[in-house]
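Peer 1: Chains A and B, in that order, are what the protein sequence lines are.
At position 92 of the first sequence the residue is numbered 149 (this note's numbering), and the sequence of numbers has no breaks.
At position 66 of the second sequence the residue is numbered 81 (this note's numbering), and the sequence of numbers has no breaks.
Simulated from the structure, these hints should not be mistaken for lab results.
Some hints could be false.
Below, a list of computed lysine-lysine pairs in the BS3-like style, where the Cα atoms sit at most 30 Å apart [unchecked claim]:
(1) B/K73 to A/K194
(2) A/K194 to B/K45
(3) A/K246 to A/K194
(4) A/K177 to B/K73
(5) A/K177 to B/K45
Here the structure is a predicted model, which means the values were calculated and not measured.
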Amino acid sequence: MDDAQTMVITGTRKGIGRYLVEYYAARGWQVIGCSREPVDFSLPNYEHYCLSVSDESAVSTMFAAIRKKHGRLDVLINNAGIASMNHVLLTPIRTVQDILNTNVVGTFLFCREAAKLMRKHRYGRIVNFATVATPLKLEGEAMYAASKAAVESLTQVLSRELADFGITVNAVGPTPVKTDLIRSVPQEKMTALINRQAIRRYGEFQDISNAIDFFIRPESDFVTGQILYLGGV
Amino acid sequence: MRDRDKVIRLIYAAVDEINETLPQERQVTKSVETVLFGRSSTLESLDLVGLIVSLEEKLQEEFDTSFTLADERAMSQQRSPFRNIGTLADYISEF
Chain A
58 MDDAQTMVIT GTRKGIGRYL VEYYAARGWQ VIGCSREPVD FSLPNYEHYC LSVSDESAVS
118 TMFAAIRKKH GRLDVLINNA GIASMNHVLL TPIRTVQDIL NTNVVGTFLF CREAAKLMRK
178 HRYGRIVNFA TVATPLKLEG EAMYAASKAA VESLTQVLSR ELADFGITVN AVGPTPVKTD
238 LIRSVPQEKM TALINRQAIR RYGEFQDISN AIDFFIRPES DFVTGQILYL GGV
Chain B
16 MRDRDKVIRL IYAAVDEINE TLPQERQVTK SVETVLFGRS STLESLDLVG LIVSLEEKLQ
76 EEFDTSFTLA DERAMSQQRS PFRNIGTLAD YISEF
């Protein structure tokens with residue numbers, strides 16, 4: 058057991074997840090992360106679990122270990138997510154299942170297990186990941202946008218179900234950020250997408266941590282069920 | 016099969032935890048006949064959720080395996096295992 062504020066971040070091997078680990082670990086948080094593959098970095102206040110976020114048994118075991126070791130959880134950031142740019146007529150069902158498993162089932166499982174631990178101290182902050190692809194009705198991202206619409210709905214319903222436990226549930230909806238998630242999307246598609254934002258530029262990692270910082274502040278205890286899109290979408 | 020007496024002790028430990036959050040007039044009695052849900056229960060729906068989650072944790076610690084008590088099997092039974100502490104203990108013992 059320890060007194061350090063404890064945070065779980067999913068999908069920490071690379072991209073936004075890895076940045077968030079470094080950002081919050083540097084600010085004194087005890088950070089616990091996970092990804093399917095091992096990470097190639099180590100930090101004194103970081104511990105890693107290798108699992109698939111939609112594997113109920115593995116997720117449950119991870120949270121049992123957190124409960125035993127730390128006895129608390131203050132923040133959950135459901136960052137793990139996958140996308141697949143594809144026309145609906147060319148989208149294999151396996152891709153659909155993978156997207157739903159990681160983005161929806163994974164987010165649900167982590168919310169459920171985290172809330173069990175957070176309710177003990179009647180305090181918790183959950184931040185899910187939405188996307189501007191949902192409000193922009195982005196062609197070529199049907200399942201990705203739909204899976205994140207499910208995450209938005211989950212966020213809003215859970216905000217009500219968990220309010221009595223002192224847990225807030227919000228979501229940040231990033232614009233495209235230069236990570237592997239958009240690596241295979243043609244440049245002209247990205248430019249067209251960014252032109253639909255009020256502020257026409259790629260998102261930076263710092264834009265995301267800034268929104269998360271707001272949601273997880275103790276003073277944000279009256280902010281829940283909100284979806285915060287970046288870039289003026 | 017699990018030792019029913021051990022299961023009952025764990026249910027009582029979860030009851031102790033939930034009682035810490037309840038006012039005096041709604042304290043849950045530690046007896047196998049104590050009704051857990053329905054009109055004659057002192058527990059409100061969210062209290063019952065808390066009791067079940069707390070019990071799942073204790074069972075996991077004791078038996079080193081994860082439990083999801085409110086699954087389809089429990090919900091599809093004609094007579095709910097959550098009727099009272101005794102029926103819940105029977106249900107978990109056979110888990």
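Peer 1: Against each hint, give a clear statement of whether it holds in the structure.
Peer 2: Going through the hints against the structure:
Among the hinted pairs, B/K73 with A/K194 is inconsistent with the structure: their alpha-carbon atoms are about 46 Å apart, more than 30 Å. For the hint pairing A/K194 with B/K45, the CA-to-CA distance comes to about 55 Å; that exceeds 30 Å, so the pair is violated. Of the pairs offered as hints, the one joining A/K246 and A/K194 holds, with about 14 Å between alpha carbons and a cut-off of 30 Å not exceeded. Taken as a hint, the A/K177 and B/K73 pair is honoured in the structure, with Cα atoms around 13 Å apart against an allowance of 30 Å.
Our distance criterion of 30 Å between C-alpha atoms is met by A/K177 and B/K45, whose separation comes to about 21 Å.
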